[in-house]
Structure formats: structure tokens, C-alpha cells
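Asks: Single-letter residue listing:
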Amino acid sequence: MNAKIIGVLAAVGAGAGLLVLGQPNLHDRLARLEPELNQKIQSRQIQIDPAELLALRYEDQVGVRIFDLRSESDFNLFHLTDAQRVSLEQISEPAWAKELSPKQVIVLVSNDEEQATQAWKLLSTQKVANLYILAGGINAWIERYAKPDQKKPIANCKNDQLGFRLPSSLGSRHPAADPEPSHGPPEKFEKKVKSLGGGKRKAGGCG
Amino acid sequence: MSPLDISASLGHVWQNVFYVLTGVAFGFALERAGFGNARNLAAQFYLKDMRVLKVMFTAIITAMLLIFWANLFGLLDARALFINPTHLWPGILGGLIFGIGFVVGGYCPGTALVSLATLKIDGMLFVLGLAIGMFLFGESIDAMRVFWDTAGNFGELTLPEVLGLGTEWVVFAVVLMALAMFWGAERVEQYFARKNKGEN
Chain X
1 MNAKIIGVLA AVGAGAGLLV LGQPNLHDRL ARLEPELNQK IQSRQIQIDP AELLALRYED
61 QVGVRIFDLR SESDFNLFHL TDAQRVSLEQ ISEPAWAKEL SPKQVIVLVS NDEEQATQAW
121 KLLSTQKVAN LYILAGGINA WIERYAKPDQ KKPIANCKND QLGFRLPSSL GSRHPAADPE
181 PSHGPPEKFE KKVKSLGGGK RKAGGCG
Chain U
1 MSPLDISASL GHVWQNVFYV LTGVAFGFAL ERAGFGNARN LAAQFYLKDM RVLKVMFTAI
61 ITAMLLIFWA NLFGLLDARA LFINPTHLWP GILGGLIFGI GFVVGGYCPG TALVSLATLK
121 IDGMLFVLGL AIGMFLFGES IDAMRVFWDT AGNFGELTLP EVLGLGTEWV VFAVVLMALA
181 MFWGAERVEQ YFARKNKGEN
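Going line by line, the protein sequences match chains X and U.
Here the first sequence is numbered in the numbering used here, starting from 1 and rising by one per residue.
Here the second sequence is numbered in the numbering used here, starting from 1 and rising by one per residue.
Chain X with its partners taken away, still in its complex shape (with noise of 0.2 Å):
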């Protein structure tokens, strides 16, 4: 058999044993993953506290995006002013992954870490950059920046569940949906957010 023949079957044959396997999707893609974005996840590198979030709201330079992955009427009841409700359904979408800029910061929240920890697996898989969880969640944020009378904690509150009884569904008219910085001494946080200038552009060129 002549060298040409062994090619075309080489050929054909890789082209073939991929039509037959396929390629791994999201789901076997990121259980690859898994061991490595868990490290980063216990290693708490990627979940800001709520008062670098409040911070990058007010920093010029910063664009933020805000994705709330709470049920609907969870997010009725309260969100983040500027904050989007997705679902993990839509954010399983490549369509929908790739629309996000790699120039803005993207904050992932749910009612504590649970559901925005497997949005931020999600999307990792598909490569989006610059993302973050709010650490501790809305429960979080409403702890610290609600009033005592804007706020009742809910007793033997479950696992990713809002943890206060708000008056009503006030959304991101709450009080608390967009605090002023505090005018007394600046909150002290570990800075987790990185640098978004200066990426190196990477590119191939024609032979």
C-alpha cells in the first residue's frame, strides 16, 4: 500500500472515530475539571467580600455584572440594584457564556454560596474570566447592610434559602439593594478582584 493510500485512511479514519465519540460537552468537561476548580473554591480565591462588591460599584474604571441565580421570587423580595436574574439552565448555554465580556468583573450571587459555587463551575468550564462569587451570598449582604428594622432573621434556615423575612417585595428599592459607602472608616476586606488592564493579547499568525 502506497504512502498515499495510508494517509487518506488515516485520515478518514481519525475523522470518523471522532464522528463516532464526539466531543466531550459541558457536563464531561467540567467534571475534568472538578479536582482543579474545587482547589480554588476551598481555597476561598474567588468568593469577595460584600463590601469589595459595594467598593467596585463605585470605582469608575470597573464595569460589574451582577447575575442573581436565585428563584424568582426570591429575587422579587430583594436583589442588588443592577443585579440580572439567570438560571442555571441559561448559563449551561455556550451561546450565552460567550456573550460576556472578558473586560467586566462578574459577580455570581444565590441566597448563601450554593447555587452561584455551581455557576461559577459553569461557567469557568466555558472559560469566562473575571468571575467571583459574593461571599456568603444575599444573606450576607443583607446582614451587613440592612437596618435592624429593614430585616427579620428567618430561625432554622435551610441551605441556600433567603435567611430574613423581608416586609414586602421591594426588589432593588430595598434600603439596602444599593448602600451609600460607609462616610466613617473604609470597610476592611482582602482585596480578591484582579487588575482587569493590561492582558497580554495573545495571537497566531499565518506561515
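You can take every hint at face value.
A few chain X residues facing chain U, derived, Cβ under 7 Å:
hint : residue
1    : V8
2    : A11
3    : A14
4    : G15
5    : L18
6    : L19
7    : L21
8    : G22
9    : Q23
10   : R32
Result set (SDA-like, lysine to any residue): computed pairs, CA atoms no more than 25 Å apart in a straight line:
hint : chain 1 : residue 1 : chain 2 : residue 2
11   : X       : K103      : U       : G91
12   : U       : K54       : X       : A10
13   : X       : K98       : U       : S2
Computed far set for chain U versus chain X, every beta-carbon distance over 10 Å:
hint : residue
14   : T86
15   : I97
16   : G101
17   : D122
18   : V127
19   : V188
20   : E189
21   : K195
22   : N196
No wet-lab data here; the hints were simulated from the structure.
Cβ atoms here follow ideal geometry from the backbone N, Cα and C, with glycine treated the same way.
Starting from the known structure of chain X, arrange chain U on it as the hints suggest.
Replies: Using the frame of chain X, we list chain U on its own:
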């Protein structure tokens, strides 16, 4: 898992050494394929010698199959590879200018450097022209910035997305297309070889 961060694993100096060695190996392969000779390259446009098409498409399908097999086995994360964003209209205009330069000069940028490395005078002149062209482009880009950045800007676009097909189907179709082109290219070469014999 690949792609490897060479700078992180080897350091900045060895990263550059690695790049130089990769470039030398690439240049050597181009030279061995006969791409350091403008006659061989220009013959493509007269349909007498189709080696440019054959070598390029062999490289494309070899790399493509290796990438997607490696992706399947978890050796490479194909989504982490850089995809050149599609700027359709600047791409078409640039392609036309590139094509005219290729036909007139007999080289593309990479092969011109290969020719320069083997001390061919036409290669040296082509690289000089290339440097002047790059300088003029760099000095004038601001005047056409809007066109350059926005005309037909589709971002990172891939064939499976455009065609709405699974990656594996597109890979198989590209393999079949390349093989059909190789077959067609050989028929064209044979036709011109017979024609040339008849004329002589």
C-alpha cells in the same frame, strides 16, 4: 492539561528559547517543503504546482484531528485555545492585499523569512517591503480605526457555530473536503503537465 503555560513552567527566558526553536523547526519544515523558493509558491497561482494548497491543508487537517482527539482524551482543553476574532470586512480587504503581494512577490510573510534565512536576494527584498508595509500600516491604522475595529466584527466565530453543526461533523466534513481538494489538485497538475508536454 494543555495548552501549557510555558512562561509559568519554564520561565520567561526559556519560553523565548522555546519560541525560537519552534520557529526554526517551522521554518525548516517550510524550507523542506520547497516553500523557500518563490517559483514553487507562485506556481500555485498558475495551477501548475499545487504543493502550497496540499501542504497547507495537510497541516490544517493534521492539527485539527490532533486537537480534537487530544480534547476527547482530556489531554487538551480545546476551549482554552485562542480563536482569532472574525473581522470580516478588514479580513477580506487584508486578504486581497495579501494575495496581491503573494502573487507579485512570490512569498507570504513566513516563507519570505525562510527565503531570507537561506540568503535569497528576492526574499531579502520581500522582507524589506514587508517591513516598510508594516511601518506604514502602523502609522496609518488610527485613520481607519473604526473600520478596522467594527466592520463585520463577529468576535470569536467558529465553523460549528456558523453551520449549527456538532464539532465532530465539521471535522469530518473538513477532512473529506481536504481529500477532495487533494484529488482535484492532482488532476489539475496532471492536466497542466500534459499541456506543457504538448506545447514542448
